[in-house]
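Novice: Taken in order, these protein sequences are the chains called A and B.
According to this note's numbering, the first sequence holds residues 1 to 115 in order.
According to this note's numbering, the second sequence holds residues 1 to 112 in order.
Rather than coming from a laboratory, the hints here were simulated on the basis of the structure.
Just so you know, these numbers come straight off a predicted model, no measurement behind them.
Where is the CB? At the ideal position from N, CA and C, for every residue including glycine.
Be careful, since some hints might not be right.
Chain A stretches covered by chain B per the calculated footprint, using a threshold of three residues with CB under 8 Å from any CB of chain B [to be verified]:
1) 64-72
2) 76-82
A short, non-exhaustive set of chain A residues, derived as facing chain B with CB atoms under 7 Å [as the list claims (entries may be wrong)]:
3) Q14
4) G102
5) E103
6) F106
Listed below are the residues making up each chain.
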Amino acid sequence: DTAVSQTPKYLVTQMENDKSIKCEQNLGHDTMYWYKQDSKKFLKIMFSYNNKELIINETVPNRFSPKSPDKAHLNLHINSLELGDSAVYFCASSQEKAGGSGEQYFGPGTRLTVT
Amino acid sequence: LAKTTQPISMDSYEGQEVNITCSHNNIATNDYITWYQQFPSQGPRFIIQGYKTKVTNEVASLFIPADRKSSTLSLPRVSLSDTAVYYCLVGPIKAAGNKLTFGGGTRVLVKP
Numbered sequence: 001d002t003a004v005s006q007t008p009k010y011l012v013t014q015m016e017n018d019k020s021i022k023c024e025q026n027l028g029h030d031t032m033y034w035y036k037q038d039s040k041k042f043l044k045i046m047f048s049y050n051n052k053e054l055i056i057n058e059t060v061p062n063r064f065s066p067k068s069p070d071k072a073h074l075n076l077h078i079n080s081l082e083l084g085d086s087a088v089y090f091c092a093s094s095q096e097k098a099g100g101s102g103e104q105y106f107g108p109g110t111r112l113t114v115t
Numbered sequence: 001l002a003k004t005t006q007p008i009s010m011d012s013y014e015g016q017e018v019n020i021t022c023s024h025n026n027i028a029t030n031d032y033i034t035w036y037q038q039f040p041s042q043g044p045r046f047i048i049q050g051y052k053t054k055v056t057n058e059v060a061s062l063f064i065p066a067d068r069k070s071s072t073l074s075l076p077r078v079s080l081s082d083t084a085v086y087y088c089l090v091g092p093i094k095a096a097g098n099k100l101t102f103g104g105g106t107r108v109l110v111k112p
């Protein structure tokens, strides 16, 4: 069983479209995250939810909106996509409350390409 | 969170031991040192975590000197499949609201 899964794995879309990425974890963790990894491989945290409550909200454009219907799911919706949004987006989960350096389990990533 | 500095890249050969040193001069008393491994086209994977002295598991060893201002990840007898990016992170285990920051990591290339 995959611990943290993301769909889709690849997403190619045009500018100004709206798209969503879904994430699910079956580890029973309370905390989930979204990270963005750019072409230089720097991994930056975007959002974190603890039991459906937003804990970390980095300086991310309003076009990005996370939604957590339950503690096992954290989806990322992106409005009006821009070229600069092209990156790999990783979902992660952890048992520790958001922000701590307790072990995080990462999904396989979603490679978003905006043309 | 304490800032970390690690080499951008390292080359090694199969069967050798690889040691990656991470500097974290501003480490705080309640900070732990954590290492992640990331293979191409995959998410990072937790390798090891420690607070002081030495920690060893089935994958690696982590050496932390008494002043804790640096740490060394040791990968024994690497194979081609150990080619990956290795990230050093420093921060408290439980710190709601703080952000776990991944730097650029160290690209390790294992050659035949």
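Novice: When the nearest CB of chain B is found for A/Q14, is that gap smaller than 7 Å?
Specialist: With Cβ-Cβ at 24 Å, over 7 Å, it is violated.
Novice: When I compare C-beta atoms, does the segment 76-82 of chain A have three or more residues closer than 8 Å to chain B?
Specialist: As far as the segment 76-82 of chain A goes, the hint is violated, because 0 residues have Cβ atoms under 8 Å from chain B.
Novice: Given A/G102 as an interface hint, is the shortest Cβ-Cβ distance to chain B below 7 Å?
Specialist: 5 Å, holds
Novice: So, A/F106 near chain B? Judge it on the closest CB pair being under 7 Å.
Specialist: 3 Å, holds
Novice: Between the segment 64-72 of chain A and chain B, see if three or more residues pass the 8 Å beta-carbon test, and mark the coverage as holds or violated.
Specialist: violated (count 0)
Novice: Is the interface hint satisfied for A/E103? The criterion is a beta-carbon contact with chain B at less than 7 Å.
Specialist: 4 Å, holds
In this structure, the hints that do not hold are numbers 1, 2, 3, in rising order.
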